[in-house]
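Trainee: Using the sequences and the accompanying hints, generate a full structural model.
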Amino acid sequence: MAREADRPGDAGGEPLLCIPGGPMRASAYLGDLGGLAGRRRLVRLDLRGTGGSDRPADTTTYRCDRQVDDVEALRRHLGLERVDLLAHSAGGDLAILYAVAHLQRVRSLVLVAGRARALGVDFTVEHRREAAALRKGEPWFAAGRDAFEAVWAGSASEADWEAVVPFFYGRWDAAARAHAAREVAETNEEAAELYASPEAFAPEAAREVVAGLEARVLVLAGELDGGPSPRVAEEIAGMFPRGTAVVQPGAGHFPWLDDPRWFAEAVAGFLERRVGGD
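Residue numbers for the sequence shown follow the working numbering, so the first one is 1440 and each next one is one higher.
Bear in mind the hints are in silico, worked out from the structure with no lab data behind them. Note that the structure is predicted; figures quoted are calculated from it, not measured. Glycine is no exception: its CB is placed at the ideal position from the N, C-alpha and C atoms. Careful, some of the hints might be misleading.
Stated by the list, open to error - Below, computed lysine to aspartate or glutamate pairings styled on EDC-like, alpha-carbon distance capped at 20 Å: (1) LYS1575 / ASP1599; (2) LYS1575 / ASP1585; (3) LYS1575 / GLU1632; (4) LYS1575 / GLU1601; (5) LYS1575 / ASP1561; (6) LYS1575 / GLU1673; (7) LYS1575 / GLU1565.
Said to hold, decoys possible - Label pairs and their calculated CB-CB ranges: (8) ASP1493 / ALA1641: 26 to 32 Å; (9) PRO1578 / HIS1516: 46 to 52 Å; (10) GLU1569 / GLU1453: 35 to 41 Å.
Mentor: Written as structure tokens, this is what we have:
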């Protein structure tokens, strides 16, 4: 079963349930979310087969729709009537599916660079190319662009995969390099392959359900990210009655690393109803 990960030091208080992406990367990579732990009690969930969670005998349960019950079990364990959810990247699909299944249990939802295949939104090669072009002034751009083309063509080598990593960070500095270096060790690759199986999603039905979601929703996108790009983040936010999109300047796919203070203030402001309030 999935388990709550050990929390970084935080301020206590109201819990914020955090669902990692990857897909299927141990929640340790979220860290303290740029200092957000100083404003809320972060409850990081290690999805099944990652971090401190058990590996299931039935690997088909790695599908994200089959992990919705794990999120609900954690809500009950915490004794919460309604929950504030934060999901990063591929974790967005699980959070959306949880909201679809437990509409009245969600008080607020924050999608950080969140994916929304559950609602029929995907990030195209063209989105990625547009975002990549924004980095043309970077010293690693030429090699990274060629490597990205190999990735999109399905002919990427291991070296190509390494060369595209800087595109996911707003600043390719020592902190970003250390963060990226942990990805393989923190990811359950078998589970990642199964997580977003097409059978996990029923987008039309999901859109109908979230159209009645009363919870406030924040979609936070990095200015330099292609998944989602800012305009796609606006599209995702528009699917929720109380959805708001914000763009973090100069940020990539891990915005809490690029400008921790900006990120923590934006998310805390939303949770405290200073961003996207009534």
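Trainee: Against which earlier hints does the structure fall short, listed by number upward?
Mentor: Result: hints 3, 5 and 6 break, sorted rising.
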